[in-house]
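Given chain U, work out where chains E and P should sit, using these hints.
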Amino acid sequence: MTALSLLDYASVLVFALTGALVASRAQLDLVGFAFIACLTAVGGGTVRDLLLDRHPVFWVGQPNYVLIACAAAVLVFFTAHLVESRYRWLIWLDSFALSIAVAAGTGAALSLDQSGVIVVLMGVTTGCLGGLMRDVVCNEVPLVLKQGELYVTCAFAGTVTAVMATRLGLDALPALGLCALVCWGLRAGSLLFGWQLPVYKGRPPSA
Amino acid sequence: MTALSLLDYASVLVFALTGALVASRAQLDLVGFAFIACLTAVGGGTVRDLLLDRHPVFWVGQPNYVLIACAAAVLVFFTAHLVESRYRWLIWLDSFALSIAVAAGTGAALSLDQSGVIVVLMGVTTGCLGGLMRDVVCNEVPLVLKQGELYVTCAFAGTVTAVMATRLGLDALPALGLCALVCWGLRAGSLLFGWQLPVYKGRPPSA
Amino acid sequence: MTALSLLDYASVLVFALTGALVASRAQLDLVGFAFIACLTAVGGGTVRDLLLDRHPVFWVGQPNYVLIACAAAVLVFFTAHLVESRYRWLIWLDSFALSIAVAAGTGAALSLDQSGVIVVLMGVTTGCLGGLMRDVVCNEVPLVLKQGELYVTCAFAGTVTAVMATRLGLDALPALGLCALVCWGLRAGSLLFGWQLPVYKGRPPSA
Numbered sequence: 001m002t003a004l005s006l007l008d009y010a011s012v013l014v015f016a017l018t019g020a021l022v023a024s025r026a027q028l029d030l031v032g033f034a035f036i037a038c039l040t041a042v043g044g045g046t047v048r049d050l051l052l053d054r055h056p057v058f059w060v061g062q063p064n065y066v067l068i069a070c071a072a073a074v075l076v077f078f079t080a081h082l083v084e085s086r087y088r089w090l091i092w093l094d095s096f097a098l099s100i101a102v103a104a105g106t107g108a109a110l111s112l113d114q115s116g117v118i119v120v121l122m123g124v125t126t127g128c129l130g131g132l133m134r135d136v137v138c139n140e141v142p143l144v145l146k147q148g149e150l151y152v153t154c155a156f157a158g159t160v161t162a163v164m165a166t167r168l169g170l171d172a173l174p175a176l177g178l179c180a181l182v183c184w185g186l187r188a189g190s191l192l193f194g195w196q197l198p199v200y201k202g203r204p205p206s207a
Numbered sequence: 001m002t003a004l005s006l007l008d009y010a011s012v013l014v015f016a017l018t019g020a021l022v023a024s025r026a027q028l029d030l031v032g033f034a035f036i037a038c039l040t041a042v043g044g045g046t047v048r049d050l051l052l053d054r055h056p057v058f059w060v061g062q063p064n065y066v067l068i069a070c071a072a073a074v075l076v077f078f079t080a081h082l083v084e085s086r087y088r089w090l091i092w093l094d095s096f097a098l099s100i101a102v103a104a105g106t107g108a109a110l111s112l113d114q115s116g117v118i119v120v121l122m123g124v125t126t127g128c129l130g131g132l133m134r135d136v137v138c139n140e141v142p143l144v145l146k147q148g149e150l151y152v153t154c155a156f157a158g159t160v161t162a163v164m165a166t167r168l169g170l171d172a173l174p175a176l177g178l179c180a181l182v183c184w185g186l187r188a189g190s191l192l193f194g195w196q197l198p199v200y201k202g203r204p205p206s207a
Numbered sequence: 001m002t003a004l005s006l007l008d009y010a011s012v013l014v015f016a017l018t019g020a021l022v023a024s025r026a027q028l029d030l031v032g033f034a035f036i037a038c039l040t041a042v043g044g045g046t047v048r049d050l051l052l053d054r055h056p057v058f059w060v061g062q063p064n065y066v067l068i069a070c071a072a073a074v075l076v077f078f079t080a081h082l083v084e085s086r087y088r089w090l091i092w093l094d095s096f097a098l099s100i101a102v103a104a105g106t107g108a109a110l111s112l113d114q115s116g117v118i119v120v121l122m123g124v125t126t127g128c129l130g131g132l133m134r135d136v137v138c139n140e141v142p143l144v145l146k147q148g149e150l151y152v153t154c155a156f157a158g159t160v161t162a163v164m165a166t167r168l169g170l171d172a173l174p175a176l177g178l179c180a181l182v183c184w185g186l187r188a189g190s191l192l193f194g195w196q197l198p199v200y201k202g203r204p205p206s207a
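Protein chains in written order, with my numbering: chain U, 1 to 207; chain E, 1 to 207; chain P, 1 to 207.
With the rest of the complex left out, here is chain U (with noise of 0.2 Å):
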């Protein structure tokens, strides 16, 4: 196994957390779990296949993820109710999650001799769209779209963290690892502190 489908594995596990976090706030059964799971664990990496022209799509050619977010949906539909706060672990593992995807779609491209351009999109697209997907199905409002919070601004940091290191002359691996510092300490310190970029000072909408 490669280190970038451990990459690949890492997400894909975290982020079907996540997505069964979601399911069981909306309160659906266990194949529902699952959907839910699989849906935000391989979304964004789906994306980026499909746009890359990358085949088979990571999952179909190696279903193995499919079955580890499957696991994922199983062991949040039986331990859930232990945690005190899941909207509190759905945040934090997300912000794990968003990290290790982010370097995964970045190391994707990478590898792929892509331009820096399209290095960064695709970082930024594996990163945030199964979260998004997540979201929008189950009617959450999108991470994406929290007022005052960083995070398509981390996924942005981290991968453009990566492709500078990588044109400094850094490896590939440790220019990964540090996307993901990057990405994930942005966005503690946004969760923790409020760090936030200025939002647009216009009024609100009025229609």
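A portion of the hints provided could be inaccurate.
[Stated by the list, open to error] If you only want the chain P side, here are some residues facing chain U, beta carbon under 7 Å, derived:
{"hint": "1", "residue": "Ala-26"}
{"hint": "2", "residue": "Asp-29"}
{"hint": "3", "residue": "Val-57"}
{"hint": "4", "residue": "Val-60"}
The hints are simulated quantities; they were obtained by calculation from the structure and are not laboratory data. Keep in mind it's a predicted model, so treat the numbers as computed, not measured. For each residue, glycine too, the CB sits at the ideal point set by N, CA and C.
For chains E and P alone, coordinates are given in the frame of chain U:
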């Protein structure tokens, strides 16, 4: 015309009827009916074909599918006022469409010699994603998220039945018939008799 | 640069402006503006390219598209407070973007020698799906679902006009110009004078 494309035609027709019924609930015009009908009718199969890199996508290679969906939209536009409960028609037509589409997706993946896990996932994807797109776009509560009803479970059980039946030596066609039957039977039982799986037993979300 | 890629550039630019305006209504930060702008700008064309198996996807092969969308996001971030009604700008810019994108999608499908039905569908898809993604993600009422307004109808009429014009011997470029003109004229007439098709005459939904 092969048996597989017949299944695709039937699933397109019935899903288009459900899409047009949802459009009638949103009080759209005739072109809006056709748009939602087409989205619902070809959505699931399109995702299946893209995931499996099966080109041309079924309706791009054979535009008759889209014309059938449009005909269904016209039919519903002029007759939906005749039925007493559009919602009941919607639910029951959707149960037929789900069953046929699950069989169609399962059959397509079987014919490509995909592994069992992928066949199951393609069955579920083809069955569930068209209706999911319809509900997300039209802002209805997605049927896959309805508490205390079997939905994804029916798709899952149907396609697993087909995979096991073919493993046991049954031909593809009777296996797909069995698939549709199991899927529809479970869904009908859930609608008529309240069959359900245990749902997540935790607290409702606090945030 | 070909005339077709010029159309794609123009549609990306104007759709990105509408995406950024929606982001301003959601009070996002600059990176959020860019994310929604890019999603809106390339969404429809991306689906078109995936459906037609046209690789690389237009913006993967030519990342300038994305940079233009980001520039549009920056522009709106710093100037949106200057306009009196962001919603009115949004609606009218969207009408231009729709018209240009329908022409771009129609042109792309024509250049691949697709059948008439597919050309029409690609025109409608390219025109409508970017805005639809924007509205679904940002939880706005999708413009395609606005009651008593022409929207999908404009896209449909425009692309049908182009197909018929080329069949009658007109060159591709004037045919695409006619397409954009018909689409925009209908949309403008709908916004200014309330032009509409008869909507579904039934009862509103009871459930």
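Hint check results:
no., hint, in the structure
1, Ala-26, "holds, 6 Å"
2, Asp-29, "holds, 4 Å"
3, Val-57, "holds, 6 Å"
4, Val-60, "holds, 6 Å"
In terms of the numbered hints stated before, the structure departs from none.
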